[in-house]
Structure formats: structure tokens, C-alpha cells
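Keeping their order, the protein sequence lines are chains A and B.
Residue numbering for the first sequence follows our numbering, starting at 1 and increasing by one per position.
Residue numbering for the second sequence follows our numbering, starting at 1 and increasing by one per position.
Everything labelled a hint here was simulated from the structure, so no lab data went into it.
Here the structure is a predicted model, which means the values were calculated and not measured.
Any given hint might turn out to be false.
Any copy will do: because identical chains look the same in the list, a pair fits if it lies in one copy or spans two.
[Unchecked claim] In silico DSS-like cross-links for lysine-lysine, where the CA-CA straight-line distance does not exceed 25 Å:
1) K175 / K210
2) K196 / K86
3) K141 / K363
4) K363 / K196
5) K398 / K210
6) K196 / K141
7) K398 / K124
8) K196 / K398
9) K175 / K196
10) K124 / K175
11) K398 / K363
12) K86 / K141
13) K8 / K86
14) K175 / K363
Number of protein chains: 2
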Amino acid sequence: MKRAYLEKMPLAQAQARWFSALEQAGCFDARSETIPTAEAFERITAVAVHALRPVPHVRAAAMDGIAVRADQTAGARLDQPLVLRKDVDFVQVDTGDPISQGFDAVIMLEDLDFPSPGTAECRKAAFPGQNVRPVGEDFPKGQTILPARTRLSPEAIAACLGSGNLALEVIRRPKVFVLPTGAELVSPLEPIPAGKYPETNTALFAGYLKRWQALPTMHPLLEDDYAQIRRAIESSLQEHDLLLVNAGTSKGREDFTTSIIEELGQLIVHGVSMHPGHPLVLGLAQGKPIVGVPGYPVATWVVLDQFVLPFLERYYGCALQPRTTVVARLARRVHSPLGEVEFVRVRLEQTEEGWIAHPLAGKASTLSSLIHADGLLVVPEELGGCAQGELVEVRLLK
Amino acid sequence: MKRAYLEKMPLAQAQARWFSALEQAGCFDARSETIPTAEAFERITAVAVHALRPVPHVRAAAMDGIAVRADQTAGARLDQPLVLRKDVDFVQVDTGDPISQGFDAVIMLEDLDFPSPGTAECRKAAFPGQNVRPVGEDFPKGQTILPARTRLSPEAIAACLGSGNLALEVIRRPKVFVLPTGAELVSPLEPIPAGKYPETNTALFAGYLKRWQALPTMHPLLEDDYAQIRRAIESSLQEHDLLLVNAGTSKGREDFTTSIIEELGQLIVHGVSMHPGHPLVLGLAQGKPIVGVPGYPVATWVVLDQFVLPFLERYYGCALQPRTTVVARLARRVHSPLGEVEFVRVRLEQTEEGWIAHPLAGKASTLSSLIHADGLLVVPEELGGCAQGELVEVRLLK
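Based on the provided sequences and hints, a complete structural model is requested.
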């Protein structure tokens, strides 16, 4: 009976169905919080940020020199220099110094002589505003500094602070619950008993979730005990924005995730026509998305890439990872079953004729194929593969 | 006398001279530390990491099914199925389960019938190793998992943990001292008195240094007091790997950085023929690099990009930031003085004819020109600019 669920839904359909259910359930209605700007680096704005004061808020010297009244320098010429008196006709200023009331131009040091202490000789008339940064040159008051849903770069933080925004309303980081399961597994930090394997997917989840601005909660490893797993999921629904159960998604004896999702909520997808990552489970319970993530590390990675990252980007309303592609020539033929999206890890080689993509041999079970990959070639379901020498689009992974 | 130092050294020569002095002074002899692998995400390996045990370290089922002795299934055919007894001729296994001693093949569920409890009917002979992950499939024992000087990705952390590397020798994070100076400045967190400006470059330094895996120490803002600034630099030399003084690099009254560097050590460069960022100071004191960073935010950014990032990459021995470029058509002419490298911020527009680069108008004083920039066009010193419609290489900044 359980077997019937493991279908082969096209990837795009699985994504559309799940994200549309999540949208309806309000999973992307991100909440915000207000935090000190100095602590907001890499966070994402919830609302647009405007200049609370102009930047600069007073006029400033744009050069090292002297501040003068422009009209007072009228007529100064190389052959008819004008002598100005310190602290009467001019004040000395460095770049960045405010221009006092009354003065309206700066003559740079290079254009001056200082014939005696307390005097400056000017050889060219200054014009009003010369070498002066006007008020609001960088940002006029009220100007939008950043739109909503923008990741805060160092220069954005600096501009917010400079314009009087000492606190910022940012999107609350989504809390992601990660539950590793499997009787054959044991924490890699403990001695490995006979017949057990170290559990290492937790490290994959932790790293990518941190990189994508989520807050992971790592549950300790659970054996394949239905009641325990169900209890752990049920008690974590309220506090989290996304739940990832790894693994327990296939058709084996101990694949509880689908049943638990059905008991607690709604099973939306079980089985996606992609490789690796086919036995994927997507559900929704008490308004919270649950993903049953297949256990092979490359399958886990594909689900992170194809479902978790897009979930987080929809939640935040902005891109969290660049998706740069290059066109490369395929070094050898790649096979891919018709009707299935194949994620091929490739090594890239730069040659005089352009990029060459070398498909990596590793199976879904091998972390090495991910570590050695420079890029990803996605073979769509309508193709049975790609020919040797074919030009393909490769997404950069490094 | 001080003015004589502000020269116009070509950018490449300034970089070569400073980095070569730093190399000789041992500034790139990075020290390492050993930390728990689970805490090493994004850190950089100091030495190569090898598999301390094979991965997997015992044979594992690659499919859900039953583990059998392959020779015992010889002769099984569709028309002549073989009945196997549970726990005698086979054991049931899920993907990832270890294969017990004696068994050497896995028959997948799909190829079996279960005519009665405790029996399985096999319709095809299995071969030794069928659907079995051999020992060391991912990493044989002793295999290099990562070379030295590699940034630790999530999959790298997972592979290290899986292969028994519970601690890793990583490069110690460089400590970078940041000293903001300027009598005209005040912390942006305090009320801004008349005639003062909020100091915001600290936020630029903090963000980029964190992004590039350095540990910044932010000194409180100092006024232009020679003795105070000298004391702050001198007392920080021993504890830090790089010192950044901002600003105090031009020819104004209060440009102390050059004098202090000369007193404490060696002034290597003062003035680089680039814009923004010309009045840059590069020195070395007690074996520690010191940079006098010009105060305009875009100048600060250029120095971070052209000197601080390459310093950190030499220290770490690996790239810390991707440098992806696109070829774009210039929307309007860009002027650049001959003999000076010009850093032009551009907005990129994707059209059917390819990328269009729109040069941004902002001066060196405007953070807005950095915030709005998608890319950077570097006009080399031998060119007086780039023509409208010219194809130029633009480095992506976002």
C-alpha cells in the first residue's frame, strides 16, 4: 500500500505543487524583527530603508585647502593674486571638514601660495560650490537607500548608519528543524560500533542552512522508531518554519516519514522523477512544510538545491546564492533516463577553445563527487543524455 | 617635505613592491590551529586531509532488498525461480545497511516475490558485489580528501567527519586592527554634534573582513592627535597581522600615518596612480603590514579590493572571493586620466543583444555609487577612457 505513493512526478510539477500549497498556507509570510544596524550584516531588509537625514547633512570640503567666500575672490588672476587673511577671509580645511557658515567654496592647496603666516595668496577666482560636497550629495533626506528584501552588504550597512538608520527592520531568520534518522547510523563524533556508519548529512544541512541565512536546530540522531520520530516532528512543528527529516523516504521497512506526514497533515509529493533524489517526500502539517530528504549525500544535496534553497528564497523574497553559468563542451557522453532530470557533477577545465566539462563518475552515495565538482549539468527529462562534444550550460558550484 | 612622498606609483608596481616586502618579512607565513571539524565550516585547511578510515568502512546495501550469497542464486531464472529462506539464505536490508559477513550481493525489492512469510523468491541470479557499496567506494583509506589551503564547504566537513577526521588543522584567522581617525568624525551611534559627520567606514571594514575570514579589532574613533594615534598603532603591532588606519593619508594638516609608519618602520608606498584611492600609504613595521586607507568610502573600498583582499588571499593561500566577469557594451563614454587606473562602478542591464554597462555618476565620496553598482570596470592606466559602444570586461560585484 505504501508503495503506491512512490511516484515519478516531474520535477517542475513537484516544485509547483509544493510551493503553491506552501504559498496558500502562508509559509512565505515572513515575519520581521528590528535589530541594531551594526548587527545586520548579511541580513535581509523587511521594508525599504530611507535616509532619515541627508548625507552629508552639512556641506563638507571635498579637497584639502582653504574655505573662502567665492564672491570675495572675484578678479583674482595669476598676474593679479589676491591676498586673503586667515580666520577672516578663509579657514584652513582638510577633505571632509564641514564648511562653516558664510564660506561657500574651497580652493585646493595646489592652487595657493602662503607668502607669510596668516595669509594665503589665491591666483584664480573661485566659484560658489567649488570643491564643496553639497548637502545630500550621497543621499538626499528621504531618499530610498535600499529596497525591501535586500541583503545587507557592508556598504549598505555603512549607508544606513550614515543616514541615521541605527536600527533596521529585517526578515526574521527562518528556523529549520533537522532530524537525522537511521538505525544503521551513529554520530561521527562517537566510536563507530560494528555494523554502523557515521552520520554525516547533518554537516551538509548545517553548512548550507547557515550559508543561506537560516537558523538550523539539529535534533540528535534517532533510530528507526516510529513513535519517537513522530513525537520529535510533532513537538517541533510550532517552533519551526521548515522541517527536514533525513532519511526514511524510500520503500524500505523503516520509511516512516510519509506515514507521519499523512497522520499529521497532508502528503503533497512522494517521488520526483529526478536523479539523485528520487524518493523525496514533500508535505505540509499544521501550516509547516516538511521534507523527507533521501539519505544519499548527493541526493540530500540535490534536495537542498532544488527545494530548500528555493523555499528560503521565497521566504526571504530575494536570491540567496548566485547562479552563474558557463557554456562548456562535454568531454564525454552523459546518459540520462528519458523522463528523469539528471544532476551531473562535472569538473571544468579551461582551455584555449573554452570550457571543457568532464562528467564525474561518482554515484549518489559519494561525497567525493560533490567535493571534486566545479559545476553542475542538469539534463532535462525530455533528453536521454548529452552527446560527447555537445555544448552544454554548466552552473558553477565554486 | 612631507609632500614629496605623495607620488603616483603605478598600481601593479605598488602591489608588487608591498607584497614582496611582506613576503620577505614573513607576513604570509600563516600559522595554524587545530579545531573540531564540526566548527571548521568556511575555515581554510592548513594541511591536506586524508581518510583515516575508508568510506564506507564496511560494505553497505546500495538498494532496499535482501542480502544474499551470489553463488547460491546461480541458475535462478524467471521460469525457474529460487526460493530463499529468511535469516538463513538471506537477510532483509534497507539502503545503507551494512552487509553481514557471508553475504555479498543485494537483490532489490522490485525483483523479488514474497510467496509466504519467511521466504523470498528470486528470479534472476545475482552477481558478487551486485547493489553493494564496496569498502572505500567514496574514499579509500589514506586517500586525500582535501588539499591544503582549501576552504571547507559543507560537503568537505561531511567527508572529513565520515572519514574519521574529527579535528582539522586550519589556518589561524588573521587579526586585523582597524583604527578610524578624524577630528571631524563621530560614532554614528552617538548624537551628531554641529560640524561633525558620522564615521561609517568602520562598517565597510567590518563587513568585508568578516566576509574574507579575517578577525577585525575595531579601535574606537580617535581625533587627529599624533601621540594618541601613534600609541594606538604601536601597541597593536604585536597582536595583529594587518593594521588599517583610516584616514590620514593625504597632504592635509593632519596626515600622520606616513610619519608614524616612518618612525615605527618602513614607508613602502605613498601615492598610487589609481582613482579613487590615490593617497594610499603602504608600510611595514616590526614585521607587520600597515595600510593608511584614504577616507572616501569608494577609495576605502578600492583599497580593500586591491590590497586587503590580495593580502588575505596570500596569507591564506587560496581565493576568498569569486571574480566572475562578463563582457558588456558600454552605454556611454568613460573618461579616465592617462597614467591612472580608474575604477568605474557600473549598473548592468541584460538585453537581447547581451549585457549593457551603464557607468554610475557617483564620486569617490558616495556610498550610493557602490550600493547601486552591479559591476566594476577597471580602465587601465595606458587608456584615456573607453568609448561609447565599446565591449569591456566588467567584474560582477553582486
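Checked hints:
In this assembly of identical chains, the alpha carbons of K175 and K210 lie at most 25 Å apart whether taken from the same copy (11 Å) or from different copies (23 Å). For the identical chains of this complex, K196 and K86 are inter-copy neighbours only, at 22 Å across copies versus 84 Å inside a copy, given an alpha-carbon limit of 25 Å. Proximity of K141 to K363 under the C-alpha cut-off of 25 Å is restricted to the inter-copy arrangement: shortest distance 18 Å between copies versus 57 Å within a copy. For the homomeric pair K363 and K196, the shortest alpha-carbon distance inside one copy (21 Å) is at most 25 Å, but the shortest distance between copies (62 Å) is not.
Taking the closest pair of Cα atoms, K398 and K210 come within 25 Å of each other both inside a single copy (17 Å) and across two copies (19 Å). Taking the shortest Cα distances, K196 and K141 sit within 25 Å of each other only across copies (17 Å), while inside one copy they are farther apart (64 Å). Taking the shortest alpha-carbon separations for K398 and K124, neither the intra-copy value of 56 Å nor the inter-copy value of 44 Å comes in at or below 25 Å. Taking the closest pair of Cα atoms, K196 and K398 never come within 25 Å of each other, the shortest separation being 32 Å inside a single copy and 44 Å across copies.
Taking identical chains as interchangeable, the C-alpha atoms of K175 and K196 are never at most 25 Å apart, the minima being 30 Å within one chain and 42 Å between chains. In this homomeric assembly, K124 and K175 never come within 25 Å of each other (Cα to Cα): the closest approach is 65 Å inside a single copy and 48 Å across copies. In this assembly of identical chains, the alpha carbons of K398 and K363 lie at most 25 Å apart only when taken from the same copy (20 Å versus 33 Å across copies). In this assembly of identical chains, K86 and K141 lie within 25 Å of each other by CA distance neither inside one copy nor across copies; the values are 34 Å within and 79 Å between.
Taking the shortest alpha-carbon separations for K8 and K86, neither the intra-copy value of 84 Å nor the inter-copy value of 31 Å comes in at or below 25 Å. Within a single copy, K175 and K363 get their C-alpha atoms no closer than 31 Å, and across copies no closer than 41 Å, so neither meets the 25 Å cut-off.
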